[in-house]
Structure formats: structure tokens, C-alpha cells
Amino acid sequence: MKQRHSTGAPSKLRIDRERLVETAVRLMAIPSPTGQAGAVSDLLAGILREDGFVVERPEGGHPVAPAVAVRFSSGRPGRTLQFDGHLDTVHLPFVAPTVEDGLIRGSGASDMKGGVAAAIEAVRAIRDAGALSAGSILLTAHDLHEAPWGDGRQLDQLIRDGYVGDAVLIPEPMHEPLAVIGRGSATWKVSIRRDGPPVHEVRRPVDQPSVIAAGAALVAQLKTLNDRLSQPADPLCGSASVFIGQFHAGEIYNQFPQDCWLQGTRRWLPGTDCRAVESEFRALLAELARQTQTEIDCDWFLIRDAFRLDQADPFVTAFQSVYRERTGAPLTIGGKMFVDDGNSFWTLAQVPAITHGARSGGAHTIDEWVSIDDLVRVAEVYALTAAAYCPNPA
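Numbering (my numbering), first residue to last: 1 to 394.
Heads up, some of the hints might be wrong.
[To be verified] Taking CB as the label site, the calculated pair distances span:
| no. | residue 1 | residue 2 | range |
| --- | --- | --- | --- |
| 1 | Ile366 | Glu56 | 30 to 38 Å |
| 2 | Pro177 | Glu325 | 16 to 24 Å |
| 3 | Val202 | Gln231 | 45 to 53 Å |
| 4 | Arg275 | Asp16 | 46 to 54 Å |
| 5 | Trp149 | Gly238 | 20 to 28 Å |
| 6 | Asp259 | Gln350 | 41 to 49 Å |
| 7 | Phe94 | Glu22 | 18 to 26 Å |
| 8 | Thr224 | Gln36 | 36 to 44 Å |
| 9 | Ala216 | Ser321 | 50 to 58 Å |
| 10 | Gly238 | Asp195 | 40 to 48 Å |
| 11 | His200 | Ala233 | 41 to 49 Å |
| 12 | Cys298 | Val202 | 29 to 37 Å |
| 13 | His200 | Arg282 | 33 to 41 Å |
Don't read these hints as lab results, they were simulated from the structure.
Please read these numbers as outputs of a predicted model, since none were measured by experiment.
The C-beta atom is built at its ideal place from N, Cα and C for all residues, glycine as well.
Let the sequences and hints guide you as you build the complete structure.
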């Protein structure tokens, strides 16, 4: 497209509510469980081309659903602010979109096709108003976000391939607080086995170890580890932790089982090497296998590394100034309880990331909803933040 040179007049900026809702509904109408976001990515690319944008389709190592990228430039030097979102949804029954009583409902409304639509509308609005006096905006959307079906590798590859700005806004369903710290997270599944088949408990061989006893010993050791990890604790995001959510063994009450498995999470604070976290966990398992004479394997799945945001960064200052002007007060400072793509930008590119989306609910359920009024607010905040942040020297 022919890029318009802006006049630097954010007062002319107007968010088109109807256009925003239409975009959200069109995106939500296409099912896109993680790993299968190709059709909705193609639709988004078409929508953006209809709007006159030049669209790039980097694969990011995931050719079945290439990502979508758009660059809008003022034509003058400055910073690049990135708007980034994922188009995949969790693997739950599809719920078609509806619009009623000021809400959009359906799969992806909250997490996060509504937010992606708000980011798109922000780019449209700042272009239409000629409100970007310098710098540029990079819009990216991708697949492979939602765990356990995705591992973030498409975005990671996009970042490595240079699809990254000087700062990034992510319209995930968290409208408060302003998260400045977050723990890293991994899931693990431990399998414990012995030789020989399952047998009736009265016929259990005396020379065979009990996998349940070994599992119980692991539970006790992880409890000790969690107690140790509980200090020090960060006042905003808590402490490092190890958590067990599942323990399964046997088929009936009087069977001596051949195997058992446990599954849970491990979280850590910024400043901790995620590789050292995994190594410590595997060393604990190796010693337990030796002690119990069992075979122990572990599937370790890194979700995201830990995260920090410098409150003195010009990006944070610009965002808080816009938010204060829009709402009357700055966002309160807090911790990020979950992990998201902001962690990846900070870890891989040392780029400041703010997660800020619309008021919504039902994420990871079949009852998702998002406030249309708040989507409009988010689009306005994103556009005005770009207008304030991008013109300054990179």
C-alpha cells in the first residue's frame, strides 16, 4: 500500500466500533484450535489486504498456518511499537460468535480474537487519522500459543527472524494490573516403572519394587523442594514452586501395578536459569530411581521463561500517561500470575512487553465473552500509545 505521512494529530483519532466488532466476529467465526489456525490466519491476511495494508506471511517454522505481519510506517525515523496476538484457541467445543447486550460471546472472544481485533482497529485508526508523526507500527498474529497443544515456537522463530519491535503490546485478557514481573513455567510428567507385568497383589513378587511407594517418595521429596523454594518470595508474583496435580497408578484396588505417573508444574523467578531448573529436577529423579530400583523418565515441557518489565522504560511511561489520560489514573503495578508471549519477547529479544486487554471472562471455557466498550478503549489506548512512543528516537 502507499503509506500515508501522518500529521501527528491524535486528536483526530477515531475508533470505528462497528468495524472493530465486525472484525472480531469474522475472526471468531472460524474455528482455530491450536495447531490449526491456518484458515483464520488466511482470513486475517485477507481482511488486512482489503484495508489496503501490505501483508507478509512468515512461516515461523509452522507452514500449515503461516503468521500474519503488517508494517505501517510514518515514513520518518523513530521507534517501532509492535502489537502482537495469537489466533489459536484452546481445544474445547466451538461456540459461534454472538453480539448482544454490549458483549461479544463465543470461542476466542476473551482469549484473544477480540483483543487481536482491537489491535487491528488501533492500526487502522492511527493510519486514518494520520496520527503517527514518526516511527512505525508492526502488527503480528500467529498460532501455537496455547499449551499443551502449542509451545510458542512459531512466535519464538518470528522473533529470531526479526519480527520484533522496540516494545510490544499484547491484548491478552488481562486489563489490570500492569504486570512488571512474572514467573517462568514448565510442565512435567514423570513415569515410574518396574520390570514384569501387573499382578494380583497377593502374588506380587517380593523382589520387585513398588511403583506406588516410589511415587509416594517423589511426592514427599517434591514437598520438601517446594518448601525450600517458597523463600524468597517476590511481593508481586510470589515464590518459585513445584506443584503436583495428578498421580495415577493401577487399574483396580488389588492390583500390584507395573507403572505409575505424576504430572505437575515447576515455576521460577526472574534471574533463575531455566536450564538449571530442569537439571535440578532430573537429578532428583535420577537419585530416586537409584534408591527405589525403579526406572524413572520425565517429559519436561518449557512453557515460557520468567519475565520483568522496567517501570522506568520510556514505553511504560508512554503507556501509563495515555492510560491515565483515558481513565483518570495510572494502572496499578502488579505481577503476572500466568505466562504469556510477553515472556518470550523479554527472554529472546530483551524487548519490554505490556500485556493489556479488554474486560472479559470465560477464557479457557466454552463461555467466553468480552466487553465491546472495553475493546474500543483498548484500541484507543494502543493507538495513542503508538502516537506517543514511536516518534522519539529509537
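Q: Using the Cβ atoms, figure out if Thr224 sits within 36 to 44 Å of Gln36.
A: Cβ of Thr224 to Cβ of Gln36: about 42 Å, so the range 36 to 44 Å holds.
Q. Does the Cβ distance between Cys298 and Val202 fall inside 29 to 37 Å?
A. holds, 32 Å
(Q) Holds or violated: the 20 to 28 Å window for the beta-carbon distance between Trp149 and Gly238? (A) holds, 27 Å
Q. Okay, Pro177 versus Glu325 on CB: inside 16 to 24 Å?
A. Since the Cβ atoms of Pro177 and Glu325 sit about 18 Å apart, the hinted range of 16 to 24 Å holds.
Q | Whether the CB-CB distance between Val202 and Gln231 falls inside 45 to 53 Å | A | holds, 46 Å
Q: With 33 to 41 Å as the target window, see if His200 and Arg282 comply at their CB atoms.
A: holds, 34 Å
Q. Between Phe94 and Glu22, does the C-beta distance stay in 18 to 26 Å?
A. holds, 20 Å
Q. Holds or violated: 41 to 49 Å for the Cβ distance of Asp259 and Gln350?
A. holds, 43 Å
Q: May I ask you to test the hint 40 to 48 Å on the CB atoms belonging to Gly238 and Asp195?
A: holds, 41 Å
(Q) Does the beta carbon distance between His200 and Ala233 stay inside 41 to 49 Å, or does it fall outside? (A) holds, 48 Å
(Q) 30 to 38 Å was suggested as the range; check whether the CB atoms of Ile366 and Glu56 agree with it. (A) holds, 34 Å
Q. Between Ala216 and Ser321, does the C-beta distance stay in 50 to 58 Å?
A. holds, 55 Å
Going through the hint list in order, the structure satisfies each hint without exception.
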